[in-house]
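2 protein chains.
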Amino acid sequence: MAFPEFQPLNEKTLVDYIKAVPALSSKLGNKFDDLTIKEVGDGNLNFVYIVYNTVGSFVIKQALPYIRCIGESWPMTKERAYFEALALKEHGRLSPEHVPEVYHFDRTMSLIGMRYLEPPHIILRKGLIAGTEYPLLAEHISDYMARTLFFTSLLFRSTTDHKRDVAEFCGNVELCRLTEQVVFSDPYKVSEFNHWTSPYLDHDAQAVREDNVLKLEVAELKSKFCERAQALIHGDLHTGSVMVTHESTQVIDPEFAFFGPMGFDIGAFLGNLVLAFFAQDGQAHEGNDRKAYKQWILKTIEDTWNLFHDKFIALWDEHKESSGEAYLHAIYNNPEVQQLVQTQYMRDLFHDSLGFGAAKMIRRIVGVAHVEDFESITDASKRAPCERRALEFAKTLLKERRKFQTITEVVSAIQQI
Amino acid sequence: MAFPEFQPLNEKTLVDYIKAVPALSSKLGNKFDDLTIKEVGDGNLNFVYIVYNTVGSFVIKQALPYIRCIGESWPMTKERAYFEALALKEHGRLSPEHVPEVYHFDRTMSLIGMRYLEPPHIILRKGLIAGTEYPLLAEHISDYMARTLFFTSLLFRSTTDHKRDVAEFCGNVELCRLTEQVVFSDPYKVSEFNHWTSPYLDHDAQAVREDNVLKLEVAELKSKFCERAQALIHGDLHTGSVMVTHESTQVIDPEFAFFGPMGFDIGAFLGNLVLAFFAQDGQAHEGNDRKAYKQWILKTIEDTWNLFHDKFIALWDEHKESSGEAYLHAIYNNPEVQQLVQTQYMRDLFHDSLGFGAAKMIRRIVGVAHVEDFESITDASKRAPCERRALEFAKTLLKERRKFQTITEVVSAIQQI
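Chains H and R supply the protein sequences, listed in that same order.
FYI, in the working numbering the residues of the first sequence are 1 to 417.
FYI, in the working numbering the residues of the second sequence are 1001 to 1417.
Just so you know, not all the hints are guaranteed correct.
[As the list claims (entries may be wrong)] Chain H is nowhere near these chain R residues, computed Cβ spacing over 10 Å in every case:
# : residue
1 : Asn1030
2 : Ile1122
3 : Glu1192
4 : Glu1302
[What the hints assert, rightly or not] Listed below are several chain H residues computed to face chain R (Cβ distance under 10 Å; list not exhaustive):
#  : residue
5  : His162
6  : Asn172
7  : Gln206
8  : Arg209
9  : Lys224
10 : Cys226
11 : Trp296
12 : Ile331
Read the hints as simulated data drawn from the structure, not as lab findings.
Cβ atoms here follow ideal geometry from the backbone N, Cα and C, with glycine treated the same way.
With these hints in hand, go ahead and build the complete structure from the sequences.
Pasting the structure below:
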């Protein structure tokens, strides 16, 4: 044990820590004279340090017992680092090409040492704001989602493994509660934490709080989020949790991981792409009207779902004789019934994904935590109509999601707003 | 600790055990010279002893590490006694009038000491076979179900309490696996454990195994059973888990308890009443055609759901400002939205209950464990048509459950078979 009890590290004490941990110091060739340490945590929850010298590099992520951006007034268990490390390892085992390797985990210190995603890796959200196309994004993220969700579900696993891991991740309850509050509750009621582009969206925010049908639908999704242990989900798979280059796609920050509904991950990703789409009109300028880029975002939305669908079904077919409890091969033993159950499963998952995606959009416009896609549009009179279009689409999607049969229909609806 | 390690007790060693446990010996006034001990376990899983003298009485239930009726060839963790004791205490706290009091629990010995349900208490199933009416049954069981299910759900509880208890009951996985196998899997495939009234029902059993739509529907229910932690359910609430007199209704044997879908309990009870209904033609004899009794069973089915519905909604209304996470009062804050969510919730629960009830009926006719309602009809040529009608109704109910709006419609459909 490098440090006997928890303490928040700074640039100086971090060096002492690294020296005491062979798994980390060895990455630097045990050389500390040319060490560079940069604090880069721009997230809401943690301290993040990049550590490198001429030999090697890694990232140190330390959770603090409160939500960093709000301060010590919003306590949040630092045990979330334990669940983040667990999820990184499990998802990394299942999708090693798209999850950074964990070198070291220290539960006492709530500290993870992991691969440094070197430049030109940037946060996908920033790339979307900059208008950069990532030709492999849909291919990669669909691969990550299909593999992590399929292999941690009862389509592949036995009930024994499932209930053991569900019980373990029940421990991440504080992070689940945070999601329940900021995604499924606060936007639909008066809350000191909510804000929006005022005064432009005052009426829109009020309309959300007074929409009974919207509240009915969000209740169903919230119950699913709280009750349905379908797979080990990332729990916060927005475009700020993905780092990209033209060749690489890496999913980070699964501190919200738990056994929940698959659609929550798929919806988070798709919903944040839709937000990026509606923000483009605010990013447009004389030299670039962003019209082509908007088409690329729509194509990425379409490809992501369609590729996910095909990969997920391929995994199911490949492993249909596995020990997965949900569809025993001795029962689902002919092509007709296999087709029947797969069609139904994917239809339900599609509708879940649309619902959760819509809920994630709404909360980013009238809830506590907004997205840089919109926030970077500094002129509020320009930002508000972009947000309003996104909000209107999200409300329709949440209420009418069961009417959509294909992602192409969803993309058409986005274009018609 | 009375005994330092697990050992199965017999009439003789049980006396030594009782003497060493004040919570038990005090019930007998510490008098052991006039003690009577009777082994009465007619269940499939445990030893059950009635212990009494002139001063007092209790029941001792000890779990053995296998399923008793099949023998040591089917191992089954004796830890189930721990979950049974937990559930008895929690459900007993919530519905003390309908759950026997636990006097003593010994985890090492997998042993529960509890209230002896004195005569004329008999197992409800035996009363149904005898044709006895229980005028308070629907009132009592609906009360038990409404209170145990409501108060252990997110309608009343916080996520923190919920996830803590869900994690604990994940430990009862072996009993869950047994249900998954015998209810949701074996009847739909070739299994050495299945049996039915042969040769009469050979074709019917085969038809179940070849019915793709039935398999589709049962998969959805199985997933719900495995994934949805809606409330602390009894897990085996058939008419053999209820003891009755004309004035008293007592629910026993919750060793299958875990956080699962509410409809599984409601369906188990209703489905077993429907089985009792279809068995009546086999119980009829010259002196009693059972026609009036069949009407009483149908009325009890109808009353049970309707009373449950009204009591559950009344609890919801009464506690709508509780800390229940699912429907925060600040959001569901007007009569219209309250009505909207309650209607939707109860409709879904109704359809779940019908589906689970149907699945429980099917497995009792073509699966491993049959019911005395039918088994007591010794003439197979008389038993088979009763079972076939029950099976046909159950298949229709499973496939068409979403078309039923009220329990009255279900009762009509039963009468039309």
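Right, here's what the structure says about each hint:
no. : hint    : verdict
1   : Asn1030 : holds (42 Å)
2   : Ile1122 : holds (35 Å)
3   : Glu1192 : holds (12 Å)
4   : Glu1302 : holds (28 Å)
5   : His162  : holds (7 Å)
6   : Asn172  : holds (8 Å)
7   : Gln206  : violated (14 Å)
8   : Arg209  : holds (8 Å)
9   : Lys224  : holds (9 Å)
10  : Cys226  : holds (6 Å)
11  : Trp296  : violated (36 Å)
12  : Ile331  : holds (5 Å)
This entry does not satisfy hints 7 and 11, going by the numbered hints stated previously.
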